[in-house]
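Peer 1: Here is how the chains run, residue by residue.
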Amino acid sequence: MYHWDFAVLWTYRSLLVAGLAYTLLFTAICVVLGLAIGLVTGVGRLSTNRFVTAPLRAYVELFRCTPVLVQLVWFYYALPVLTGIQISATLAATLCLSLYGGAFYSEIIRGGIISTDAGQIEAARALGMRRFQVLRRIVLPQAFKRMVPPLMSQSIMQLKNTSLLSVLAVPDLLYQGQVIAHETYRPLELYTFIALAYFAVLLPVTMWAKRLEFGAPVSEA
Amino acid sequence: MPAPLIDIHGLRKSFGDHAVLNGISLQVTRGEVLALIGPSGSGKSTLLRCINLLTVPDAGRITVGDQTIAFDGRRTALPGERALARFRASTGMVFQHFNLFSHMTALQNVMEGPLTVLGTPKAQAATEARALLAKVGLLERADVYPDKLSGGQKQRVAIARALAMRPSVMLFDEATSALDPELVGEVLSVIKGLAKEGMTMVLVTHEIGFARDVADQVVFMRDGVVAESGPPSRVIDDPQTEATRAFLGRFNARAEGGAAQSA
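One line per chain: the protein sequences are A and B, in this order.
Position 175 (the first sequence) corresponds to 175 in the working numbering; numbering is contiguous.
Position 140 (the second sequence) corresponds to 140 in the working numbering; numbering is contiguous.
Rather than coming from a laboratory, the hints here were simulated on the basis of the structure.
Remember, predicted model here, so these are calculated numbers, not experimental data.
Wrong hints could be hidden among the right ones.
To be verified - Have a look at the derived ranges for each label pair, beta carbon to beta carbon:
no.: 1; chain 1: A; residue 1: Y191; chain 2: B; residue 2: V144; range: 35 to 41 Å
no.: 2; chain 1: A; residue 1: S115; chain 2: B; residue 2: E140; range: 50 to 56 Å
no.: 3; chain 1: A; residue 1: A54; chain 2: B; residue 2: G31; range: 49 to 55 Å
To be verified - Per the computed footprint, the stretches of chain B lying under chain A, defined by three or more beta-carbons under 8 Å from a beta-carbon of chain A, are:
no.: 4; segment: 100-106
no.: 5; segment: 150-156
For every residue, glycine included, the Cβ atom is placed at its ideal position computed from N, Cα and C.
Generate coordinates for the entire structure from the input sequences, incorporating the hints supplied.
Peer 2: Structure representation (structure tokens):
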């Protein structure tokens with residue numbers, strides 16, 4: 001019979017807290033960068049110029065159709081060989097997860113914009129609004145409401161994806177937990193704690209996202 | 001005779017190989033109500049949408065008030081975004097499907113044009129919008145979102161929204177076609193009220209009885225050309241061409257049959 005000993009968590013609390021802080025900080029950076037990339041890509045793909053849309057589409061499909069773990073390893077090991085520029089594991093991971101998230105965010109943003117009722121856009125133009133005014137006053141306020149729930153759930157995925165960083169020895173929550181587990185031979189306690197820590201962070205976020213989803217219905221005229 | 005408020009000359013428009021407007025010329029004087037009738041696909045909606053340039057013609061000339069825009073078929077000669085927007089602001093458009101802004105209340109819908117396009121101060125825009133909602137009988141619905149309004153109420157808000165720009169011309173694109181039969185009357189009575197005030201209007205409509213009632217001039221379109229035009233007493237009651245007779249005959253038969261017309 002296994003004898004659980006959670007005291008080990010307390011002994012290594014500072015490492016675990018540092019790991020969790022790293023995970024949260026890293027998620028925040030990758031969400032912000034990912035959203036910026038996603039906004040530019042999503043809006044760019046609405047262009048009528050093929051020289052703009054084709055490369056953006058290629059980027060999105062490339063990142064959507066390969067596993068993020070493979071991308072992480074590729075960015076860290078293959079990209080430096082290809083470019084001749086050595087980058088740190090943290091930078092490789094930041095680049096990779098931001099681009100990965102950006103690909104998904106861009107689809108959400110593009111979808112939100114193109115799903116705007118064409119009749120309302122026409123009505124706005126008929127009032128004499130110029131293209132930018134139509135976007136700012138009519139399209140984006142409605143699109144944004146529709147985008148928030150899927151953007152939230154994609155951001156939750158971003159947080160969970162940061163656990164993959166441990167393969168590059170980036171000191172996130174999972175990596176720190178693994179280090180302690182090796183040291184103390186207490187992997188069950190540590191993985192239990194890690195799972196609960198992710199859960200404790202994400203449960204309130206998902207509940208908040210759910211409220212946004214049901215609390216702010218987009219009405220149809 | 002005074003200069004016409006709307007002067008359309010030699011208007012042509014094709015979508016791909018399909019010519020929708022084949023050289024249309026017509027004039028509307030100030031205070032006149034013109035009804036465009038004709039079978040579906042005859043080009044009447046396209047013509048209406050050309051008057052405020054929501055559809056850009058291939059060739060021809062359009063004058064509304066003191067603004068004239070000519071088209072010669074070359075893409076490079078298209079007027080700029082700013083000129084198009086200014087032109088559109090001087091005409092009010094009412095759509096078949098209302099197209100109210102769903103994230104705004106009735107009042108905000110009516111205020112939107114003056115606020116964003118004319119730069120009217122908010123308080124003044126709100127006062128004017130309330131007056132317009134009162135005019136279409138919906139002041140008590142001012143703070144309601146479109147999804148809580150009936151079709152007839154939506155269309156009346158849409159009319160108020162268009163009027164808020166103080167347009168010199170109002171354009172109605174089958175404004176009652178999407179309404180349940182019992183809601184058609186309230187919208188038609190608002191349009192009739194505008195006609196009485198002397199508003200210049202162009203109506204695309206399937207309501208032949210209403211066209212006869214309210215229009216000064218009826219234009220019957222067929223295959224992208226004006227087949228017949230004149231006062232309703234002539235075009236509707238005593239049509240000169242076979243095509244007009246056939247078209248109106250179908251409507252008369254339907255009206256006599258008592259079938260609700262909703263298409």
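Peer 1: Does each hint fit the structure? Answer for all of them.
Peer 2: Going down the list of hints, with the structure as the test:
Between Y191(A) and V144(B) the C-beta distance comes to about 54 Å, which lies outside the given range of 35 to 41 Å. Take S115(A) and E140(B): their Cβ atoms lie about 32 Å apart, and the range 50 to 56 Å is violated. Distance hint check for A54(A) and G31(B): the Cβ-Cβ separation is about 54 Å, which falls inside the suggested range of 49 to 55 Å. Proximity of the segment 100-106 of chain B to chain A, defined as three or more residues with a beta carbon under 8 Å from a beta carbon of that chain, is established by the 4 residues found.
For the segment 150-156 of chain B, the assignment as covered by chain A is violated, since 1 residues bring a beta-carbon within under 8 Å of that chain's beta-carbons and 3 are needed.
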